[in-house]
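Work out the full structure: start from the sequences and follow the hints.
What follows is the residue order along each chain.
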Amino acid sequence: MKKVLLAISIIILLIILISPGQEVITLRISWWGSQTRHDQTLKVIELFEKKYPNIKLKPEYTGWSGYYDKMAAQAAGGNLPDIMQKDIKFLNQYIQNDLLLPLDQFVKNKLIDLSNVDKASISAGVIGGKLYAINIGNNAYGVFYDPQMFTKARVPYPKPSWTWEDYMDTARKLHKALGIYADTTICNAGDYAGFEHYLRQHGYKLFDDSGKKLGYDEDWPFVEFYSMDVQLTKEGVFAPPEVRLESRTVENDLLVVKKAAMAHYWSNQIVAMMNAAKRPIKIALYPNSKKQVRKGTYLKPSMFWSITKNCKNPEAAAKFIDFFINDIEANKIMMGERGVPVSSKVRNALKPLLTPAQKEMFDFIDLASRNSSPIDPPYPPAFQQILDLLKDLQYKMLYGILTPEQAAKEFRTKANEILAAQK
Amino acid sequence: MNLWKKLRLDSLIYHMVVLSLGFLSFYPVLWLIASSLKPSDEIFQKAYSLIPSSIHFENYLQGWRGFGGVTFGTFFKNSLFIASLSTIGQLIACSLAGFGFARLKFVGKNIWFAIMIITLLLPGQVLLIPRYLLFNKLGWIDTYRPLILPHFFAEAFFTFLMVQFIRGIPKELDEAAKIDGCSPWGIFYYVILPNLKPPLTTAAIFSFYWTWNNFMDPLLYIQTVSKYPVSLALQLFSDPSSVTNWGAMFSMAVLSLVPAFIIFIGFQRYLVEGISTTGLRG
Amino acid sequence: MQQIAYRKKNITYNNLAGYLFILPWLAGFFFYTILPMLMSLYYSLTQYNILSPAIWVGLKNYINIFTNDPRFWKSLQVTFKYVIFAVPLRLIFALFLAILLAQKRLFVNVYRGLFYIPSLIGGSVAVAVMWKQLFGVEGALNSILISLGILDKGFGWLTHPKTALWTLILLAVWQFGSPMLIFLAGLKQIPISLYESASIDGANWWQSFIKITIPMLTPVIFFNLIMQIIHNFMMFTQAYIITGGGPFDETLLYILYIYKRGFTYYQMGYACALAWILLTIVGVITFIVFRTSHYWVYYEAKE
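Residue numbers (this note's numbering), protein chains in the order written: chain A, 1 to 423; chain B, 424 to 705; chain C, 706 to 1008.
Worth double-checking, as some hints may not be accurate.
Here are the simulated lysine to aspartate or glutamate pairs, EDC-like style, with alpha carbons at most 20 Å apart [said to hold, decoys possible]:
1. A:Lys259 x B:Asp464
2. C:Lys858 x A:Glu235
3. A:Lys414 x C:Asp774
4. C:Lys867 x A:Asp392
5. A:Lys396 x C:Asp954
6. C:Lys779 x A:Glu410
7. C:Lys809 x B:Asp433
8. C:Lys779 x A:Asp392
9. C:Lys858 x A:Glu246
10. C:Lys765 x A:Glu417
11. A:Lys278 x B:Glu465
12. A:Lys391 x C:Glu955
13. B:Lys650 x A:Asp39
14. A:Lys258 x B:Glu465
15. A:Lys414 x C:Asp954
16. A:Lys396 x C:Glu955
17. A:Lys259 x C:Asp857
18. A:Lys391 x C:Asp954
19. A:Lys278 x B:Asp464
20. B:Lys650 x A:Glu60
21. A:Lys56 x B:Asp565
22. C:Lys867 x A:Glu246
23. A:Lys391 x C:Asp774
24. A:Lys258 x C:Glu843
25. A:Lys258 x B:Asp464
26. A:Lys259 x B:Glu465
27. A:Lys51 x A:Glu23
28. A:Lys58 x B:Asp565
29. A:Lys259 x C:Glu843
Don't read these hints as lab results, they were simulated from the structure.
See the structure below:
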């Protein structure tokens, strides 16, 4: 009898030891943001871990500054986290250096369900025919404006079909009626977006698809665009260069402190702006060009999730990404903080819960998606140098050191040199 | 009577000059403190005013609660640990090395001293990646070791400081001790060290607040948020592309000044005591 | 014979003692410094974007720096200008305040704190915001100048090409707490007996200052001079967070340029080459200061 009991207990023990238990998979995940985003993302992770108890996420988060320095060091040391939040500007570099995992297989087997996501939102993460990054929030550049100021100045609100001429006219009228700047600068977020829009509208791109030269070869778009800026700055309609150069955050933008009637940022910064301004702000599309061949606006992913090549459990990582973009409860926590959710199902579920600022953002993306053309391929690695050069030349024009014609030539020559010199 | 008046005038001028310079010097700090008590939007919109329209202590509460359940209590604890250990290590190391360079004769001393100065000349930025790779190979990422251990090796700055101060101590004291049969260690311990209070104090204050404020190394080496020191945690508040809680950030930045300031207050009385030269006569 | 043997043993003993004492520095040097330094020298001869392995290019980086890079020369010029003004100003203020605060006066501890705290703030984001709020077009300084009638509208101190660097120099001078502390320590090390004998001999305050204080302080002045030169050549954080190098590179301090090349443009090889060039330049300057120190630095312990 004893022998039988012993045998049975040994067999049971063996069964317990051998049978595959629920082993816990740990994934490292990194993102940048501020206090709000950290808190929200951690809550989303909690929800996810509840749903998938055998997957644990180890969060590593920082502020914006230093995030990429840290990632660079980790890349050099071969210990990047498993899931990384990425900005589109840095995608190309990481892909060219073979650091990211292609995700097409997960889309095919529905581990990452993109059935509710429209093509335009997916395409930005596709490079060289492979999907490397999942869009986790849509953004578009817009012109922010104070409707009450417009009413006071008796200027009509911007229409989606307004042109650059309408924009300048509006600006002049606002300046005359209200005595403040119409805008800090011509709509040119990041000191490049407006110029980029102008190029796109006329069938060009900022960077050629190969990334080895600029995407345009004549100087007139540069001259036309920046001449508008120089002219209106001379007239005092836009802020003078020394005011512009003072880097501002959303909180002390001239529009917020009532020293300008317009501003321009990403659509997802409307929340921060309305918080700071404490009054309604609306978003309008960038102006059209009378001779445009396509719409300049494009939907831009505010950021992506990518899985790095050294991830040992990519399926688990894929599950998280899928959860992040599709789970409704998770998105109720985030409410579009990173940009408008890409899943139409999620957007519809969130619509009734939106605050006025968030609603403005959602509506604007809706408008933008109907008035845009596909995003251009991601920027080449030397883009930062090019943008620095562009900004430098812009201020030389504003200070009168160069004419737009001279600056146009200098930009094209120097930029092409820099791009050609890339490996 | 005349002398008394003279002293009073002298005193008055002194205090007035120092106070006005002091106010100019301190004004930006006052601004920081005032901003930490303002509501977030007012920080930028009413920048010039030192007086908040309404006092918002909740900035401190919001700031303190930190991120995802990790409060600034943890961050302060971490910073304290790192900075204290580093400082202690550094004081020991640099006084030993300083004595070696300043007082002992050995082959190659001048060459090593020159090399030591040269190490100060290479910018830290280009050493970041190589050092990271080194510590990565050792498996020390996400530990405090890369942050604390290097301080147990004497740093050029502090060693050089010690050297300069030791060279100001009369050699007669050394010789007296040698005659009494002291080994180099004895000379170090009984003659030099007691006279190093001023520079050691200075080194302690510097070492503490430099490690306290250093955020680049923790940024690269620490991954787990609950291990972050204050310097790094402060940075987590700010993201220009979304809402930054400036009030919370400023409040914690103000608090972050407190420990280093306390160290300063505590140690600076050693800078008041004079050096005693009674060793020769006694 | 015995004497020679004794001498030899003594020398060996001295060598051993010397190396034991500097072991904390020496070990750190070999473990933590020399290897990364040599690696950075290697990288300077490569094209290295951090994300993938370095590619050998020989002296190409150095050649490009000297023949094809106007920003290199600009940043050298900016940095030299910065150092030439910041170092003396900082040292003078530091010494001046140290002398004032070395006296045993009422509240001197409080005063020391007032002057020292600004240096504690270092280079945090808060400092950047604060400095912008003081010197910005809408900032405190302009408000005061306007209300005094000196200006009629705000001037962009931080963003005007002619004044931007000066705001950074001012920031450096404002944070003079560190050299001030060292001067304080140095002042405290001067034996009071010297002053006592001097006043017995009838010397007044100025004579004591010139004949006792300054000479006795020269080792510390020397230290502060060297360290401030090195430290200010290496200045980075404040330029990075306040002006970002602009406008038109007028505040592109050399280290900031290195950082941009290395971490923003991902050209780490180029950045390392820049770094070694800086090392050479500052090394030469430091060597010169060391050499001339014979003539003006007085050590109590005669070597």
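Quiz item: Can the restraint linking Lys391 of chain A and Asp954 of chain C be considered satisfied, given a maximum Cα separation of 20 Å?
Solution: 11 Å, holds
Quiz item: Do the alpha carbons of Lys650 of chain B and Asp39 of chain A lie within 20 Å of each other, as the hint requires?
Solution: 17 Å, holds
Exercise. Decide if the proposed pair is consistent with the structure: Lys258 of chain A and Asp464 of chain B, CA atoms, cutoff 20 Å inclusive.
Key: 13 Å, holds
Quiz item: Between Lys278 of chain A and Glu465 of chain B, does the CA-CA distance stay at or below 20 Å?
Solution: 12 Å, holds
Quiz item: Would the pair Lys51 of chain A and Glu23 of chain A pass a check requiring their Cα atoms to be no farther apart than 20 Å?
Solution: At roughly 15 Å apart (the allowed maximum being 20 Å), Glu23 of chain A and Lys51 of chain A satisfy the hint.
Quiz prompt | Given hint Glu235 of chain A paired with Lys858 of chain C - CA-CA distance at most 20 Å | solution = 17 Å, holds
Quiz item: Is it true that the CA of Lys391 of chain A sits at most 20 Å from the CA of Glu955 of chain C?
Solution: Holds - the C-alpha atoms of Glu955 of chain C and Lys391 of chain A are around 14 Å apart, at most 20 Å.
Exercise. With a cut-off of 20 Å on the C-alpha distance, tell me whether Lys391 of chain A and Asp774 of chain C pass.
Key: 18 Å, holds
Self-check item: Lys414 of chain A paired with Asp774 of chain C [C-alpha distance capped at 20 Å]
Solution: Holds, at roughly 12 Å.
Self-check item: Pair hint outcome, Lys58 of chain A versus Asp565 of chain B [Cα-Cα no greater than 20 Å]
Solution: 12 Å, holds
Quiz item: Are the Cα atoms of Lys56 of chain A and Asp565 of chain B separated by 20 Å or less?
Solution: With Cα atoms ~18 Å apart, Lys56 of chain A and Asp565 of chain B stay inside 20 Å; holds.
Practice problem: Could you grab the alpha-carbon distance between Lys258 of chain A and Glu843 of chain C and see if it respects the 20 Å cut-off? | Solution: 13 Å, holds
Hint compliance for this structure: every hint is met.
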